[in-house]
Structure formats: C-alpha cells, structure tokens
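A.B. asks: Construct all of the structure, not just a fragment, from the sequences and the given hints.
Chain residues, written in single-letter form:
Protein chains: 4
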Amino acid sequence: MIIVMKLDASDSQLMEVCQQLENMGYQHHLIRGVERLVIGAVGEAKLNGKEILETMPAVEKVLPVRHPFKLVSREFKPEDSVVWVGGNKEMGGIPVGGEEIVVMAGPCAVENREQIQSAAQLIKASGGRILRGGAFKPRTSPYTFQGLAEKGLQLLAEAGQKAGLPVVSEVINPEDVDVVAQYTDLLQIGARNMQNFALLRRVGRISKPVLLKRGLASTIEEWLMAAEYIVAEGNSQVILCERGIRTFETYTRNTLDLSAVPVVKHLSHLPVIVDPSHATGKWRWVQPMALAAIASGADGLLVEVHPDPAKALSDGPQSLNPAKFDRLIETLIPVVKAVGRELNLSQQQPA
Amino acid sequence: MIIVMKLDASDSQLMEVCQQLENMGYQHHLIRGVERLVIGAVGEAKLNGKEILETMPAVEKVLPVRHPFKLVSREFKPEDSVVWVGGNKEMGGIPVGGEEIVVMAGPCAVENREQIQSAAQLIKASGGRILRGGAFKPRTSPYTFQGLAEKGLQLLAEAGQKAGLPVVSEVINPEDVDVVAQYTDLLQIGARNMQNFALLRRVGRISKPVLLKRGLASTIEEWLMAAEYIVAEGNSQVILCERGIRTFETYTRNTLDLSAVPVVKHLSHLPVIVDPSHATGKWRWVQPMALAAIASGADGLLVEVHPDPAKALSDGPQSLNPAKFDRLIETLIPVVKAVGRELNLSQQQPA
Amino acid sequence: MIIVMKLDASDSQLMEVCQQLENMGYQHHLIRGVERLVIGAVGEAKLNGKEILETMPAVEKVLPVRHPFKLVSREFKPEDSVVWVGGNKEMGGIPVGGEEIVVMAGPCAVENREQIQSAAQLIKASGGRILRGGAFKPRTSPYTFQGLAEKGLQLLAEAGQKAGLPVVSEVINPEDVDVVAQYTDLLQIGARNMQNFALLRRVGRISKPVLLKRGLASTIEEWLMAAEYIVAEGNSQVILCERGIRTFETYTRNTLDLSAVPVVKHLSHLPVIVDPSHATGKWRWVQPMALAAIASGADGLLVEVHPDPAKALSDGPQSLNPAKFDRLIETLIPVVKAVGRELNLSQQQPA
Amino acid sequence: MIIVMKLDASDSQLMEVCQQLENMGYQHHLIRGVERLVIGAVGEAKLNGKEILETMPAVEKVLPVRHPFKLVSREFKPEDSVVWVGGNKEMGGIPVGGEEIVVMAGPCAVENREQIQSAAQLIKASGGRILRGGAFKPRTSPYTFQGLAEKGLQLLAEAGQKAGLPVVSEVINPEDVDVVAQYTDLLQIGARNMQNFALLRRVGRISKPVLLKRGLASTIEEWLMAAEYIVAEGNSQVILCERGIRTFETYTRNTLDLSAVPVVKHLSHLPVIVDPSHATGKWRWVQPMALAAIASGADGLLVEVHPDPAKALSDGPQSLNPAKFDRLIETLIPVVKAVGRELNLSQQQPA
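Chains as they are written, first to last, in this note's numbering: chain A, 1 to 351; chain B, 1 to 351; chain C, 1 to 351; chain D, 1 to 351.
Just so you know, the hints here were simulated from the structure itself, not pulled from any lab data.
Small disclaimer: the values here were computed from a predicted structure and weren't measured.
Do not rely on the hints blindly, as some may be mistaken.
No distinction is drawn between identical chains; accordingly, a pair holds when it is met within one copy or between any pair of copies.
What the hints assert, rightly or not - Subject to a maximum C-alpha distance of 30 Å in a straight line, what follows is the list of computed DSSO-like cross-link-like pairs (lysine-lysine):
1) K6 x K77
2) K337 x K70
3) K311 x K6
4) K162 x K311
5) K77 x K282
6) K50 x K324
7) K324 x K61
8) K89 x K208
9) K282 x K70
10) K50 x K89
11) K50 x K282
12) K311 x K324
13) K208 x K151
14) K337 x K282
15) K77 x K324
16) K77 x K311
17) K6 x K50
18) K70 x K50
19) K311 x K337
20) K61 x K50
21) K208 x K70
22) K311 x K50
23) K337 x K324
24) K282 x K61
25) K77 x K208
26) K324 x K6
27) K61 x K208
28) K50 x K151
C.D. replies: See below:
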C-alpha cells in the first residue's frame, strides 16, 4: 500500500499516519519527494486499512499495490483450470477450459416439453455440447413470462438426458439452489445477480460447477471478486462468462467486451466463455461475435437457439433458428482450428 | 406500438405482419411514407408482442408508444404519494414525500452497541429523523467485514428506540426479509439488488415501507420497473433513492445523477430521496451534493454519519463526523426554505 | 512515481529499472514488501517516463503520485480566480468566480436581427448578465442549420451592445478565432472541441477570456488538462463549464455531473459554471438542475432562452421561453441567498 | 416521423400539431389508440421538424423512422465500397474493403529518420501494407511530445517511399490539411476530432482517402454522420476505424467495441478497420484483439509497431516490437483464411 500525503501535511500529521500504520501491523518506509511525502506500507493487508487511512486529514490518497482477489488469481495457481460439466472424463463429462471449445446452446426459456426436446435434438445434431434453458427467469417487467420454475427444470433435465447433453440453467434465489442443483449439471448466476452475495455464498457450498456471468456494469476486478466469493466457500469449479457491459451505445443491447477475455485469462486461471446473444440482443450479430470471441481466446460460447424464434416467449429477436445455428457451427470450425483449438461436435459423442 | 418495415419489404411480408398483429388482437393502421411503410398497432399490450414482431424478417424496428410501468406511474396516480415510516401520523411516524424534507442518517454498518447508540444520539441532536445502520452488508470482497446480521438489527432497533428514531436497514436475501422487517421500520434494497427480482417480490408482500436504491447501471425506466415489482405484489409503500450511477469518471466513486430526481418526479408519484455519501465516496463532496439534491427537488437525504469515521469498519472515507453532520444540517436549512419545503428537526419532535 | 514490480521480477530486471530511473534523473527508493518489490522514484517528472517504465517487462504498473496539471491547480494558486467578462470592474465588466452568481443566457443560434435583439432585451429584463448566441454551430448532421457565421456574430454584438450585455459565442475552427474574438467578450470552446488542441492553443494566445466546456466523455483530469493547454499559452482567463457527460441513461440527453463542481473547485482555482440546457436536453429539467447547480457551488449558469422556442432553428426543445426564464430567475434568487452568494440582476446595472 | 401525443392532449392541441405538420409539408395520419393518439407524418424530412414538434406542449415524444445518414448508408449504395490507398490498381495502390485484409502499422509518432525507416523496413518485411506514423500529435498534456509536424511528414513519406509502402498520418487542424495531403496517401482523423466539423468539411474537399476514427464516446450513428460530412462535401473515399470507446472499465484503456464492425457493415457500404493498440493500451492485448477483429468481419488493422518500444516518445506500452509484430502476422494468417479473406503480404508485392 502506498500512502500519498497532502502537500501541506505537517510533521505531526505524518507521525499520526505512521503510528496508525504501526497499529495495523505495517512497516512503513518514507519517501521524501520533490513536492510530497509518500509512505510505503509493507505487511499483510488488514481489514479496511485503506479506508481508515483515507479518512486521515493529511492523506491525499492511498494506492493499493496488490490485486484484491487471491484464490482465483493466476499468481495463486499458474496453470489453467479445467471445469468438468456433467461428470468427469470417465463419466463422459465435458471439459471447459482445456484444448476444446465448448458450445452451450438452447432457448432463453424452457416453454414446454416439445420445445425443449426439439431444441435439444437440433443442438445435439449441429454440434452443441451443453443444453441451456431458463426455468427461473429474471425479467425487467413483472408482467412478462417469468419461467416455468421447477417444472421447467424437469423438462430441461429430461430433454438433456434424451439427447445426451448436460444441462445448464439459471438460479436467482438462494432458496432455489438445491432444486436447481438437483436437475442441472451447471448452475448459472446471471448478470443481474453477479453481486448477489447471498446467492454467491450459497452456490459456493454445493458440489456442482457454476457459470458466473459478468454484471452489466461490473469491472473485471469485481467480477473476479464475485468468483472469489464462490471459491472462498469451497467450490472452485467456476466458469466465467462475458456477456456484454452497459455503455452509451444503444444500437446493440450491450457492448460485448471481448478484451475482457485475454485480460481475465491473464489475471486468473479460470475458464472464460462468451455469450454473444445477450451481448448484442439481435441474432444478426451473434455469428460474427461468436467467431470473434473464439479468436480472442475464449474457451467456449453460450448461444440462444430456439426451434422457432418467432414463437419464443422471451428473447426471440436474439435467438438463432436451427439453420442459423448450423451455419454458426460451420463457420466456427475453421476459426477454432486457426487458433489451435479443437471443436468436438456432440453428435460424434456417445449419447 | 409502431412497426417500421424494411425498405425492401414485399407485399406478402407486409400481410404476414398484419396477420400476426391480428392474431395478437391488435388493430393495424398502415401509413405509406415516401420511402417506407409504417404500421400503427392499436390495442392492449400483449405478452412479448414487440419481441415476436422484431423476429419477423421484413420488420426494421418496433417502437413502443407507452411506458412499461403502470402502477408507479403518475398517469396512474397523478398526486404525490407520501410514505409513512415508523407508523402513521397519529403514531408519530415520519412522512416521506410531503412538504417535509427528511434526513436519514447513520453509520454504514452497525458495529457495536456503543457506536450505534452514540450515532443515534448525535443524529437525533443534529436533526436527523430516521436512523440508518447496516447489519447485512453487501461487500465486494468476501474478506471484508460483512455485518453483524441479526445481532446488528437488535442493536439498531434498540438505539432507534432509545433516541426516538425509526430505523432503516438493508436486506440482501429473501430469507432474511422477515427478520429485517421485525426490527426495522423501513427495509432498504441496495443498488446491487435492484434487479434481484426474488427479493423485490418478497418485500412486495410485507406491510412495511421499502427504500429502493437505483442500481449502478440501471436506467430510470428499469428502476421504476423494479418499483413496479414491489407495488404489483401489493406493497405500494416505496421510496426511491438515487445514489449515483457508474460512468467513466473515476474521481468520484459514482456519478450522482441528480437530473433523475425531477425526471422520476415527473414520471412517477413515488417519493425520491438522494444518497450523496455512496454517490461520491468521499465526505468532502457530501455537503455540496446534499444541498444540490434538495434544490433539484428531492424529498430527503440518506447520509452516512459515524461517531468516529477513522475507526469505521466500512465506508469511513465517505462518512461525516458529528461536527460535519451538524454543519450539513445548518447549511441545509436555508436551501430547504429556498425551495419552499420544511425541515422538521427531530430534536423538536416528541421522542 | 511509484513502480510496482511483477511478482517474478529478477534481480537483474530490478537493476535495469533502477538504471533506467537514474538515466531519467530520478532518485529511487526500494521498498521490499511481503510479496512484491515497489520502487519510489523521486525527482522532476520527465517526458513520458511513466510510459517508458511501463514497457519494461518486469514492471507490473506505474502509479503517478502527482496530478498532471500545474498552472490551473489550486496547489499552484490557492485563492479563487475571478475572470472578468466585457472588461474589468471600472469598465463595467462582469466578474465570474467571485461572490456573484452570473447567469449567461440566450438562444442556441443567432437566427436574425429581430430574434437576437428580442432575446437580448428579455434576458436583460429578467436578470441575465451575459448574452449567448451561436454563429458557428457544431451540428451532428451536415444537413441541419450550421449558423450564420460572421453575420451572426455581428448581429450578436449589436444586440449585446443595445442591451448593455457582454456576449459569448462559440468558436470551432482555429482560423475563426480572430473574427470571433473581434465581436465577442468571451469565446466558447464547445464540448466536442474540448480536446481540439490546435483550437485550445490558438485561444490561449488571445487576450479575451475563454469558456471551456467539458467534453461528453472527458474525465475531470482531462478537462483540467485542456484548460492547462490554454493557460500554458499565456491566457489564464478560463471559465470552466460542466454540461453533462455521456452515460447509459438516455432519458435525459446527457447526465449532468454536478459533483464535478465541488471537485473542480477543490482541484483548481478556476471558476466553474453549469449548462443545464445541453445537459438535460429538455426545458422541463432546466429549472430544477439550475437550482441544484448553484446549490452545489457553481459560479454561474449558461441557459438557452429563445423568444419563441417553437420557431427555433436549433435546440428548441431545451430552450426556455421568456416566461419560464423569468420563473427560473425568480426561483433562483432564494437559492443563491441560501448558499451565501449574490445575484446582481442586470436590469439594475448601468447599461 | 411518428408523433406520440400526451394522454391529456385536447382536440385543439391535436389540430395545432396537424396544422404544424401541414405547414412543414407533411401529410398526417391519425391513429387513435386505446389510451393515446399517435400521428404518422409522411413526407420529406424538414429542417429540425422533430425539434419544433417536440416543443409543442401536447406532444409526448417524436420518433424518427429513418436513419439520419444517407450517402454512407447501405440503402443508398448496397454493394461494398473499396477505397484505394496510394493510387488505383494500376498504380499499385492498396484496396481497403475488398477481399483482402490490410494491415497498417508503424510507430505512434515519427521521431527521427532512423526510427521511421527502421519501422518501415520491419513492417514491410513482416507483411504490413501501409505505414503509419504521427507528425501532428493530439496529446492530453501540453507538456508531452507533440510531434515533429511537417518535418515528421517528410521523414514518413521518405521512409514509405524507400520501403514501397503508402503512408497514413493524422491531421488535427484544418489549416494543415493541405500539407498532410501533400506527404501522405491517407489522412487520419483521430478519435478526439471525430466531431471537429470544420476539419471534416476540409478533408471532404480533397482528393485523397480519409481514415475516420470513431470518437471515444460517439455512437455508431454519430460516427456515420461524421462520415456523411466528408462524403457530402464530395470525398467518398472514407475508411472507418473502430478504436475503442470509453466505458467504466479501466483495466484496458478503452473498451474495443467489436460488435460495431458487423453493425457498421450492415448499415453502411464503407470499409471498416480496427485499431487494437489504442483500444487496449497495452501490447499484451493487441494480438488477441487483432485476431478477434478480423473474425468479426473487419477489413483491416491499424497497429502500433516500434523498433524499440522502450525508447518510444509516445505510446510505448501499447506498441509491438518487431518480434511481436511478426508473431501477430503469423497468427493472423490462419484466421484470415478461416473467414474466407486474403492477406497479401507486402513483401510479395512489387515495391
């Protein structure tokens, strides 16, 4: 921690700061600059030491030297983490974060048995490896479709089993974590809940992997701190998902921040995937942004696919229809190879 | 709803859109422009009608004519709502949203009995009317102080009673709503939970008023939709609180969006208060922004005050000490009068 | 300057950095932390020293200790600057930045003699002190009204003289600085040109005061650096103007960042005024935000007023009509008094 | 244009709006909804018709139906435009916007003859096709290196000629357009000048192509309107360049908005390239984002390369050294092929 003193800090104020640092257990090193005094504080980070120092009247600012995240940092664990979804290798699970690029796909919401089974089959046929489908939907308006809840989870699990695909679904309430974990192979924390700390702690205490979406206005550091919440509770199986941030640009629904992919890969050992559907809000931009995501270094994709988008109960405009999903995979294959990764298509897997 | 067709829309595509509108129960009116066809759809808004139309290939865009919020809109209820905190008039409650400007103040977190009681006394003495204090704290890092939970609520309630001040505290988990409602007079939904829909629904089913903070990256429309969630469940006692939005400017912690105050007052009948402490992140800017908030038309303030900010377990840098809080109230009084409002200082109220 | 070394920096890499610092003329102080090495560099700031250090492979980051602005900083000049518009005190000029709150008002664009003279008279009558009117208009579209150029300046100067009001107008091209300086008392640099460095340098070499608007996406630091450009060329008569920044919120045209007012007053000795018209984009929000601006500590206002907004060639929706401008001044008077400032109404001044 | 009337609009107010529309030369069509009246206005867009209508008291809002840009729109010209840099095909010019991906590279600033010649040779050798180098530098601080001006242009032109590479350099002042056009093959308008309309008009009247960077806080629509300024003056040779927008995220210098690439390609016929160096601010992220840019559909790249970044007078931290530029091209080749484009390496071209 570096403490920059004000220009007019008096000697007694300086001594107060040094005393405070000693009380906190820090050693201090004084650097007398041309204009200012700067103090280097050395020692283990203390509970809100930065905040306490910032309240002292002669302190101009306090600059932290270290990242606030630990367990998720690459400094803590230099090699890439691989998160297995739907069981380990022997169990036919899907590895996220290794050589392979994993495409997760499916409708925004599970609507009925026919819809989700049809989606599962077409996704399987085109090369998707994990089936997505929402049962608990966070919707901006209380008057729109809110999802089928547990019934939706049942239908999703059933469709996944039939097609031989592990399934992922969102959980929005700590009370529902157990039921979502019962039916799914991967629990999604949505963008709006990235700092729902009660929910993060709760999924940190289960044994299933978690897909943590970046919040609409969350910095990369806050995103990694949210992952740290989950890992600190004991669940290290976290996959990060970039899905667009909120900016002034309104032509696309959000602004997909692909530079977050290499940055997160640099700072953390966790796998990162990208959701081009929610990021852009329109099917037309999904294919180019999916390719760009893989080129930027992402470990996989989360894509909205609906058997008949025009009939979707939510997010129809951003959903790919079967033909467009096929085309996405087809154009993805050469890009995956170009960046030296692999795309195992699910239809070649034992169901 | 206005449907703008693409330049090259064919007649049969136009007929498909009209047919779709009829299926949805809309009447349609065709406007043939110089370049484009535009369709006006008349009728009651249907579940995701906009989304379905946007998936049709010949549709360029769909422009909604009406606001998505209803119960919280001023069109629904033209007169200002007054929310009573701590009981009705006869019970000595505090009205928020009427002639009176209400100052809510207290520490970020309840730390111990002495701290919160000392805070309560000084706030009462200076003119605060409602005591705030966090017991369940949403913190970016899992390694910082997370609050005293129910013990904190007990201490807060006790301090409020002794000082004769109603109390407000944050709830972050649907499971905790009942216990927070038991000890407090006003339940706060924090910025990070503004779209925690499970939590919104839950506080919509209690009989205590709710303080709904605007999310860091939430539009005014989303904020009002979040209030709509609470009101739609049956609890119309909602106070809105502007607390800064996230922008590119990093000198202040957030950017206080004071123009949201007159905008929300125009769109909605709900009271609006302002939190200059979280918005700016530094005590130095709290006083000028508090005055500006009242000048912009806010119904009250939520201010962080700590008996000894340098010892605060959280948010010390943005907390006012007793002398600065006194000075805030002192400079506030003439501004309140200048805008034709009243400031009833709590020390003149029966405890 | 503080240099944070990477975790795995070797001794020879450390020595290279120290050598580089010595070459740049810095003294260096080593702080050996628990995990990392940190180097404090002491000496006069060198040309892009920070950038050079950041390219060194073992350097994690470089933290500057000092603000990059000098001449405009309050550390350089502790007392408030007062900028006189239209001559000094003896010449009947208007002081901006002293006790007095100054209202500058007028139409977005000078349209014809009748319009600007009518505007000047009504502004004078209501209490405005400086007349604004655009002659060179920066417009998003090449197909909209671009202003009357020099003819507009002549009409503006004539109207100002008749009414006894100094005038302000925007300059958007370095080539036009002389002609704008010839006709006006204050030259405005608009938001889109805040980092038009050729233009900044050019107005830095004239003897008339400059009104520098904050850029749509400019940080406070960049804004002060733009002022530094002007002052560094020799013209210290700079008035800053906050006019809203670009954020995700689209209900208002921009987001008025009133917290910038006390922040800039803290960092700099220059006067700061606020433009609530461009910030909000709608006349309805101008009055509350004008009051809030003064309560936040601003030294004045820049307000769009048009004799007949419905006939305005630009920015009609955000212009006040005469009655609304009257009402603005009327409600402003008590707020100005409440914050201990003065409002000298121009009609009481000798023309 | 669609005019949405207020809920309480009276019949006489409605008639006023219709009368106004007739005066503007519009035909009007009334749509009587369940709650509101909506008017469809048909006819050629009039000067600020939208603004005039919005000032009318009974008008809630006005929704434009058409894009404001014309000449640069794909509706105006459906096929892709190809901009030739350094002469036409016969003259050995470089086509931007066709099948070929074009890499423009070079140092941020021309520093001296040796540096720019060395840069030119290495860029040529690695496969760059156009040489960049700044001579007029827009710098945030007046105290940092501002470029060598005309001397820099001479050195750049000389280096380009020796290496057989066309050159691009920035112009920041209308007065300098002629001299920059004299020495360069492509004139760059930087992000800070995207709405410097005097400059846009000036480069619209020359016969050399223009590289128009997107402003830090400019919407896609404003960017296309800036291009429209140039094209409307007669110069249709415009290449667009996405270089990152300003958001709340500070880990990267800006947020590269790659979704702008397919969006602009959809809305406009102009070529689009991407600058990953300025977007990210650090060499480490340049390679992944360059690959992602091409995968998203960009027609080329603008990359900062310096023979010795640690000695660069500006932007060293984001510059690639020769080995890293080599590696960039090497990893780019398979991605270019994967998306069905070509990469003609300059060393295989006749100089």
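A.B. asks: Each hint: holds or not?
C.D. replies: Quick rundown of the hints versus the structure:
With identical chains, the CA atoms of K6 and K77 are at most 30 Å apart between copies only, with a shortest distance of 15 Å across copies and 39 Å within one. In this homomeric assembly, K337 and K70 never come within 30 Å of each other (Cα to Cα): the closest approach is 33 Å inside a single copy and 40 Å across copies. Taking the closest pair of Cα atoms, K311 and K6 come within 30 Å of each other only across two copies (21 Å); inside a single copy the shortest separation is 63 Å, beyond that limit. Proximity of K162 to K311 under the C-alpha cut-off of 30 Å is restricted to the intra-copy arrangement: shortest distance 23 Å within a copy versus 60 Å between copies.
Taking the shortest Cα distances, K77 and K282 sit within 30 Å of each other only across copies (24 Å), while inside one copy they are farther apart (37 Å). Taking the shortest Cα distances, K50 and K324 sit within 30 Å of each other only across copies (22 Å), while inside one copy they are farther apart (52 Å). Taking identical chains as interchangeable, the C-alpha atoms of K324 and K61 lie at most 30 Å apart only when they sit on different chains, with a minimum of 21 Å there against 53 Å within one chain. Taking the shortest alpha-carbon separations for K89 and K208, only the intra-copy value of 15 Å comes in at or below 30 Å, while the best inter-copy value is 52 Å.
Taking the shortest Cα distances, K282 and K70 sit within 30 Å of each other only across copies (23 Å), while inside one copy they are farther apart (37 Å). In this homomeric assembly, K50 and K89 never come within 30 Å of each other (Cα to Cα): the closest approach is 45 Å inside a single copy and 44 Å across copies. In this homomeric assembly, K50 and K282 come within 30 Å of each other (Cα to Cα) only across copies, at 13 Å, whereas the closest approach inside a single copy is 43 Å. Within a single copy, K311 and K324 get their C-alpha atoms as close as 16 Å, which meets the 30 Å cut-off; across copies the closest is 49 Å, which misses it.
For the identical chains of this complex, K208 and K151 are intra-copy neighbours only, at 20 Å inside a copy versus 32 Å across copies, given an alpha-carbon limit of 30 Å. Proximity of K337 and K282 under a CA criterion of 30 Å is satisfied in both settings, with 26 Å inside one chain copy and 26 Å between copies. Taking the closest pair of Cα atoms, K77 and K324 come within 30 Å of each other only across two copies (26 Å); inside a single copy the shortest separation is 39 Å, beyond that limit. In this assembly of identical chains, the alpha carbons of K77 and K311 never lie at most 30 Å apart, being 46 Å within a copy and 34 Å across copies at closest.
Taking the shortest alpha-carbon separations for K6 and K50, both the intra-copy value of 16 Å and the inter-copy value of 22 Å come in at or below 30 Å. In this assembly of identical chains, K70 and K50 lie within 30 Å of each other by CA distance both inside one copy and across copies; the values are 17 Å within and 27 Å between. Taking CA atoms no more than 30 Å apart as the test, K311 paired with K337 passes in neither setting, with 35 Å inside one copy and 37 Å between copies. In this assembly of identical chains, the alpha carbons of K61 and K50 lie at most 30 Å apart whether taken from the same copy (9 Å) or from different copies (19 Å).
Proximity of K208 to K70 under the C-alpha cut-off of 30 Å is restricted to the intra-copy arrangement: shortest distance 21 Å within a copy versus 40 Å between copies. Only between protomers do K311 and K50 lie at most 30 Å apart by alpha-carbon distance; the minimum there is 12 Å, versus 53 Å within a single protomer. Taking the shortest alpha-carbon separations for K337 and K324, both the intra-copy value of 21 Å and the inter-copy value of 21 Å come in at or below 30 Å. Taking CA atoms no more than 30 Å apart as the test, K282 paired with K61 passes between copies only; the shortest distance there is 11 Å, against 44 Å inside one copy.
For the identical chains of this complex, K77 and K208 are intra-copy neighbours only, at 21 Å inside a copy versus 48 Å across copies, given an alpha-carbon limit of 30 Å. For the homomeric pair K324 and K6, the shortest alpha-carbon distance between copies (21 Å) is at most 30 Å, but the shortest distance inside one copy (60 Å) is not. In this assembly of identical chains, K61 and K208 lie within 30 Å of each other by CA distance neither inside one copy nor across copies; the values are 42 Å within and 37 Å between. Taking identical chains as interchangeable, the C-alpha atoms of K50 and K151 lie at most 30 Å apart only when they sit on different chains, with a minimum of 26 Å there against 48 Å within one chain.
When each numbered hint is compared with the structure, violations occur for hints 2, 10, 16, 19 and 27.
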